[in-house]
Amino acid sequence: MKDPVIVATGQTYERVYIKKWLRTGHDTCPKTRQKLRNRTLTPNYVLRSVISQWCEANEITPPELPSKPTWAPSPAECTDIDVFINNLSSSNVDDQRSAACELRLLAKHSMDNRICIAEAGAIPALVNLLSTADPRTQEHAVTALLNLSIYDENKEIIMYSGAVAGIVHVLRCGSMEARENAAATLFSLSAVDDNKITIGASGALPALVSLLGEGSHRGKKDAATALFSLCTFQGNKTRAVRAGVVPTLLRLVTERVGSMVDESLAVLGVLSSNTECKAAMGKLQAVPVLVEVMKSSSSRNKENAAAVLLHLCTGEQQQHHLVEAQGCGVIVPLLELTSNGTARGQRKAWELLHRMICFDDQPIEARA
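Residue numbering for the sequence shown follows this note's numbering, starting at 678 and increasing by one per position.
Simulated from the structure, these hints should not be mistaken for laboratory data. We treat Cβ as the ideally placed atom computed from N, Cα and C, and that holds for glycine. Treat the hints with care, since some could be wrong.
[What the hints assert, rightly or not] Across the chosen pairs, the derived CB separations fall in these ranges: (1) M788 / R849: 26 to 32 Å; (2) R849 / A956: 24 to 30 Å; (3) N735 / G687: 24 to 30 Å; (4) K960 / V760: 56 to 62 Å; (5) M788 / C1035: 52 to 58 Å; (6) G921 / T1015: 33 to 39 Å; (7) W1027 / D871: 34 to 40 Å; (8) I1008 / M788: 49 to 55 Å.
From just these sequences and the hints, can you work out the full model?
Structure follows, in structure tokens:
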């Protein structure tokens, strides 16, 4: 035991484990099952001294104490947070709304607040409010979870509390701001690779595709960012394609007002190695769209378009796509990219040119 602490019932626990117990929403002593009057953790100096003496007597290095925190909430601040958390479960909708709003703001402004709020057990109560019928309360709850998720340890508690289903519900049915923040929350949680699997299996991808297609400009950006992260997991690529993401992305690439070209090409770049994505892009005549981007867009977009085109020109339909790209005038922008692009862009351009040269050198019979 490195850092023994005493809880309100008089029982002693290792600090890190009792804190984790409290963070996941428990309000009882693990051993006695009594309800804790408060969440104060008092260092057990007597036991710590006994451990140190035993280690010295047995010539064992005593366990190092964790570094002292640079901040601790004042009793008044703790009381406020406890009041807000209690009000989250109030039967009065106004009290719930106000409490969720206060926790949202507190979690926005400091990492210390994020830690304190989670340790006080707010996360399970906020998750329960994701299904409330009051739109503003729902918006405050999902945004509070977004702000809390910035602290990495809170991501685990949010997932453990079963928040994903509620977040997806908000993503489908909430106000536009709530939907935006639900998408941003899924992006934040997806920073942990294992969470990508859970989120993908929850029905989140069709809801993100809907937001990508019909949301506000910010909503589209939040949806694209979440889709990009989630689709780095192979199993989510097919889900996204089957949810209709490809036509939505291609439409956004061609739109110039409120440009989403950067984000859309980035998502296509992640998806385009997927067989079903390639088939969908082929049916939707994606090659002329990509070539047009390579002729007239920014350097970054030209490189991303080249990367997507390279994936299209690999596989069953590569000959058809190579001919189509050449017919659209891709050679000149590719040559420019070999001279002016980044190392990645130059590599993609050379690979495409090499494929075209090899194709042109084939006998006519072999091309058929």
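Here is how each hint holds up against the structure:
{"no.": "1", "hint": "M788 / R849: 26 to 32 Å", "in the structure": "holds (31 Å)"}
{"no.": "2", "hint": "R849 / A956: 24 to 30 Å", "in the structure": "holds (27 Å)"}
{"no.": "3", "hint": "N735 / G687: 24 to 30 Å", "in the structure": "holds (28 Å)"}
{"no.": "4", "hint": "K960 / V760: 56 to 62 Å", "in the structure": "holds (57 Å)"}
{"no.": "5", "hint": "M788 / C1035: 52 to 58 Å", "in the structure": "holds (55 Å)"}
{"no.": "6", "hint": "G921 / T1015: 33 to 39 Å", "in the structure": "holds (35 Å)"}
{"no.": "7", "hint": "W1027 / D871: 34 to 40 Å", "in the structure": "holds (37 Å)"}
{"no.": "8", "hint": "I1008 / M788: 49 to 55 Å", "in the structure": "holds (52 Å)"}
When held up to the earlier numbered hints, the structure conflicts with none and fits them all.
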